[in-house]
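Top to bottom, those sequences are chains H and G. First residue of the first sequence: 1, per this note's numbering; consecutive thereafter. First residue of the second sequence: 1, per this note's numbering; consecutive thereafter.
The set of hints was computed from the structure by calculation and includes no laboratory data. In this text, all values refer to a predicted model and were calculated from it rather than measured experimentally.
DSBU-like cross-link-like pairs, simulated, lysine-lysine; straight-line CA separation at most 35 Å:
hint, chain 1, residue 1, chain 2, residue 2
1, G, K141, G, K80
2, G, K90, H, K487
3, G, K141, G, K90
4, H, K487, H, K469
5, G, K38, G, K80
6, G, K38, G, K671
7, G, K90, H, K493
8, G, K141, H, K493
9, G, K141, H, K487
10, H, K469, H, K249
11, G, K80, G, K520
12, G, K229, G, K38
13, H, K487, H, K249
14, G, K229, G, K80
15, H, K469, G, K90
Computed list of chain G residues with no C-beta within reach of chain H, every gap over 10 Å:
hint, residue
16, M151
17, S244
18, A304
19, D394
Stretches of chain G that chain H covers, calculated by requiring three or more beta carbons in the stretch to come under 8 Å of a beta carbon on chain H:
hint, segment
20, 84 to 93
21, 104 to 113
22, 400 to 413
23, 538 to 550
24, 557 to 570
The C-beta atom is built at its ideal place from N, Cα and C for all residues, glycine as well.
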Amino acid sequence: MDDPIRTEMMKHRLVSVAEEMGARLQRAAFSPNIKERCDFSCAVFDASGNLVAQAAHIPVHLGAMPLSVQACLESLTLAPGDVAMVNDPYRGGTHLPDLTVVSPVFVEDTSPPTLLGLVANRAHHADIGGMSAGSMPLSQEIFQEGLIIPPVKLMVGDKKNDDIWRMLLANVRTPEERMGDLQAQLAANQIGGERMRAMAERFGVQPLLAEMDALLRYSERMTRQLISTLPNGCYRFEDALDDDGFTEKPADIRVAIMIEDEQVTVDFSGTDAQRPGSINAVYPVTLSAVAYVFRCVLGLDIPANSGCLRPIHVIAPEGTLVNARRPAAVAAGNVETSQRIVDVLLGALAQACPDRIPAASQGTMNNLTIGGWDQRHNRPFAYYETIGGGMGAGPQFDGASGRHSHMTNTLNTPVEAVEYAYPFRIARYALRDESGGNGQHQGGDGIVRTYEFLQPAEVTLLSDRRITKPYGLEGGAPGQPGRNQLKQNGIEKDVSGKCSFPVEAGDQLTIETPGGGGFGEI
Amino acid sequence: MSTSGQSSQNVWVGIDIGGTFTDFVVYSSSDQSLQRFKILSTPADPAEAVLQGLAQLPHHPGRHIVHGSTVATNAILERKGARTALITTKGFRDVLLIGRQNRPELYDLFPVISQPLVPREWSFEISERVDCEGNILTPLKEQGLVSILEMLRHEAIQSVAVSFLFSFVNPAHEQWVTRRLRDEGFFVTGSSEILPEFREYERTSTTVVNAYVSPVLDTYLGRLEREIKPTEFHIVQSNGGRISVAQARGHGVRSILSGPAGGVVGARYLAGLAGFTRILTYDMGGTSTDVALVHETIHVTTEAQVGGNPIRVPVIDIHTVGAGGGSLATVDAGGNLRVGPQSAGAQPGPVCYGRGGTIPTVTDAHVILGRLPTDGFLGGRMRLNIESAQQAFDELSRQMVLAPRSGLDVRQTLALGMIQIANVHMERALRVISVERGEDPRETVLVAFGGAGGLHACDLARALGIPHVLVSPMAATLSALGMLAAEVQLDYVQTVMLPGDTPIEILERCTQPLVDQGQKDLHREGVDPDQWVLSRTVDVRYVGQSFDLAVPLTSMFREEFHRIHCARYGYSQTETPIEIVNVRVRAVGHVTPPTIPTRPLGSADPTAAQWEDRPVVLPQGMQPVPHYWGARLRPGHEIHGPAILALDDTTIYLGPTDHAAIDTYSNILIKVGATDG
Chain H
1 MDDPIRTEMM KHRLVSVAEE MGARLQRAAF SPNIKERCDF SCAVFDASGN LVAQAAHIPV
61 HLGAMPLSVQ ACLESLTLAP GDVAMVNDPY RGGTHLPDLT VVSPVFVEDT SPPTLLGLVA
121 NRAHHADIGG MSAGSMPLSQ EIFQEGLIIP PVKLMVGDKK NDDIWRMLLA NVRTPEERMG
181 DLQAQLAANQ IGGERMRAMA ERFGVQPLLA EMDALLRYSE RMTRQLISTL PNGCYRFEDA
241 LDDDGFTEKP ADIRVAIMIE DEQVTVDFSG TDAQRPGSIN AVYPVTLSAV AYVFRCVLGL
301 DIPANSGCLR PIHVIAPEGT LVNARRPAAV AAGNVETSQR IVDVLLGALA QACPDRIPAA
361 SQGTMNNLTI GGWDQRHNRP FAYYETIGGG MGAGPQFDGA SGRHSHMTNT LNTPVEAVEY
421 AYPFRIARYA LRDESGGNGQ HQGGDGIVRT YEFLQPAEVT LLSDRRITKP YGLEGGAPGQ
481 PGRNQLKQNG IEKDVSGKCS FPVEAGDQLT IETPGGGGFG EI
Chain G
1 MSTSGQSSQN VWVGIDIGGT FTDFVVYSSS DQSLQRFKIL STPADPAEAV LQGLAQLPHH
61 PGRHIVHGST VATNAILERK GARTALITTK GFRDVLLIGR QNRPELYDLF PVISQPLVPR
121 EWSFEISERV DCEGNILTPL KEQGLVSILE MLRHEAIQSV AVSFLFSFVN PAHEQWVTRR
181 LRDEGFFVTG SSEILPEFRE YERTSTTVVN AYVSPVLDTY LGRLEREIKP TEFHIVQSNG
241 GRISVAQARG HGVRSILSGP AGGVVGARYL AGLAGFTRIL TYDMGGTSTD VALVHETIHV
301 TTEAQVGGNP IRVPVIDIHT VGAGGGSLAT VDAGGNLRVG PQSAGAQPGP VCYGRGGTIP
361 TVTDAHVILG RLPTDGFLGG RMRLNIESAQ QAFDELSRQM VLAPRSGLDV RQTLALGMIQ
421 IANVHMERAL RVISVERGED PRETVLVAFG GAGGLHACDL ARALGIPHVL VSPMAATLSA
481 LGMLAAEVQL DYVQTVMLPG DTPIEILERC TQPLVDQGQK DLHREGVDPD QWVLSRTVDV
541 RYVGQSFDLA VPLTSMFREE FHRIHCARYG YSQTETPIEI VNVRVRAVGH VTPPTIPTRP
601 LGSADPTAAQ WEDRPVVLPQ GMQPVPHYWG ARLRPGHEIH GPAILALDDT TIYLGPTDHA
661 AIDTYSNILI KVGATDG
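Chain H extracted, bound-state conformation (with noise of 0.2 Å):
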């Protein structure tokens, strides 16, 4: 039996160590990308792969990330100071930009050394290569998206793996900003295992692997009971995305959500086989996805460990949209079709707890990327960003206006900072009147934000909630979908949601973005 204190302290022991390493991350970060928007997750995994304790940053990395550490200990075999590196989202990856650095954790007074467990984090990268800058880009497979990083060492007992470092730099865009990157990447998982050394020395080595164990149970325990308070039964919804940004045929995500007593099942069976276009989810995503709701749905309290997910069984068919097979392209798989994963499963369980669950939000994350050659500053540019938008009214509120919802929650950047950095300026940013759905309670409001050109650049939106709509509940109205305009020479033209084209000096972009559902008849 676990004890009810040890594993109470123990818990808020193993968060801090997932936390000191994300404050050592932000603070040694190079990038904007993961020191002021926060793009990136830290957690501490047991020698077997499973995350026992992480700090909650962006929550697409969740369920991913055990994947990308489990990779790392099939492929390589790890000794003491050695660091891993991973990105591929076939091997336990999200997409290209996101780069999971794992090491493991040893205590070395034995022999051979025991393995404690592993540190690990993320932190989405604001260019791996590829065939646009900020490597978000309109492509049709993976290989067009940047350079893919199977697990390979970065570290070799305590050494820089050099030429693994010469290859990497040799393929980005803007190499001084990745090596600080990885090297706060570095930095963070260094006083991880440092911290975790010296808790076993504090608590003894078998003591603190009984308790990384007791930690799972006792999430799963929580999660458990609290499924049991969701009525059985099974649930469908289904909705879509627009398109996949090369043929205008939506494309279709279906669940069913099985409760039985403690446990659930949740099948994407009959969704849409997978895309030309990069809105292909690999399973990590998706898995993520699931982890995210059901956190939500059950409460805040449950420690985010891989105890959560025992109790949910996911079916999710290879070859679709939710589980793509190499070499589909997956950029915006992890920023927008995991938005409408999060949908569809929210929406199958708002038939099981209504008043748990809110309409939908904006179900997009926006995402725009515009690069080029700086002439002010001579040198290249590539920037990167994602904007908020409107969120669902729930059963008591009603939704939020301009916020990031459910699979993102990084910050935006200042309109001033953009101004000095980079050679367009923003001219409007503002809430979007009226774009939230009618309701008894009103859907939250998308955002407006124009961009005006000072000079050429090459512009990629990818963007969804331009054509579909973020679905009311309980008889409330639909938010409004997203648009995106462009001016030029005066002339005003709808762009669509996922699309590249360049831009000239005097051209200005305006993005407005989906308002959240609506719930309850008026």
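Fit chain G to the known structure of chain H by using the hints.
Coordinates of chain G only, in the frame set by chain H:
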């Protein structure tokens, strides 16, 4: 102590308004006497308790008051500030509503997003635009103000915040608007006056907070000034420095969060006298615990928030965790024992207070363990009810599966577990404020104050490898004492965004207006010029980074930047170009703090302070442990743990390997043992 002549008739009064008590520390420079007392706070009208307390003092011709005010903070938390409007550049009036577009909790489908202090209908736009180099892209449409003025009057607006894009580079438009509004009789805050720093959301939020709280603070201070008529009247700011009321009134944002600042300043002062300059302050109260870092100077942050509103002025970096004496123990759905963040608060309070509480609190756990004498609480004035605490523990233990530890019964196991879990929460807070800020706790001293701190301090220090704990006999009124020890301190900033190879002469020229302003303000504070210290720093970063490091402005600042970057983050990139984001000036005016009475060290034998031996639960089991009367401890006394020291306002638990000695200031300095048994 201050600068206006130390007439023998002068007294200085430090006043700290807390939730329950308003504390007074009175220092007379003629006989160097210190007097301390407490008055029940009057939350509905905090000035009432201040006036009551001052009425108890004999009248002095020279009366100098240093006050920590919660008025500004409460105005925000209770949403009782001035009717405030905002004027922004056209296209950006939703800057407060959008914020940084994130939600406070990741896994929350219904996040509670705090509403801005200015509602949307009072947010106005005016056509104008300046670029990042200060060029005017769109001239100010002056007649746009006409309809805004009409609306302001119609809505009976009292205070207006004006925040235009890049006004810190070229403030002409913003200044024109603020001048016009002032002419019209409004209280006005311009963003380039209060915070000429880039990042429009944070600057606007700071400006709005100032506009919202300043009129309220002004009324409050005006009333006190009229009724007290002090010779000098200062308030403590959130950066831990003091400022005259005359200067504070228009800058309410600077005094936000000034309440807890006094405690940190006081702890730094007393620890400094005892010879310690690297400390972690640890203030454990009823519902929460505040911790802060001092390394020579008090660690400040410009990333503070109050009630969900960022404020970018320097604020003492205080980390708060929801664990205190009143934290409740519960059993969760997974069977774990939880302690806090729910608290029994002042009402009903812990079970042992006998005021109707039924759920065990941390304080009750100490009673069960015999560490908090039921007849020694508050100097014996309040008797604690152990029987009701025992019942509550029995009730809780029935809800969980708990095997008793060897040598303990279930009740004691549970009580000890609660203390350990509360300690883990506080240990985490101390790690955040030290390790995560790049400071090694093992090189610091833990300075404990607040009612409950002494019972946890040694165990916490042990867990963090901190070698010494310091408990002051003035722990209970440390914040009011800190007010009197606070120096005059003013901080200035200006965003410049210059390339790293900018010659030092130009950077010095950029800081000169801030230096001039600092000197002017120190002069207005009445500080003698030989007590001035003005320091210049620059915020530097690698091109492409979004964060910066403060580096002293000398001819070697570039080398120093690479060095600090490497020391703090583990790498530097000397080949990468750097840029200078901000210049900063800190203007400090030294004041003479109150003299703390000392007594020579006497015998090490504490027998004279001994009370009696009583059973106490140690990690190994129950055993008789000597108890001491705090009031009878004398400088020189040494006490080997285990022991309980019952002071007037706090109780100290020494573990079996801890060793306490009383220093000449009557501080209890504890050398922390390596093990808890």
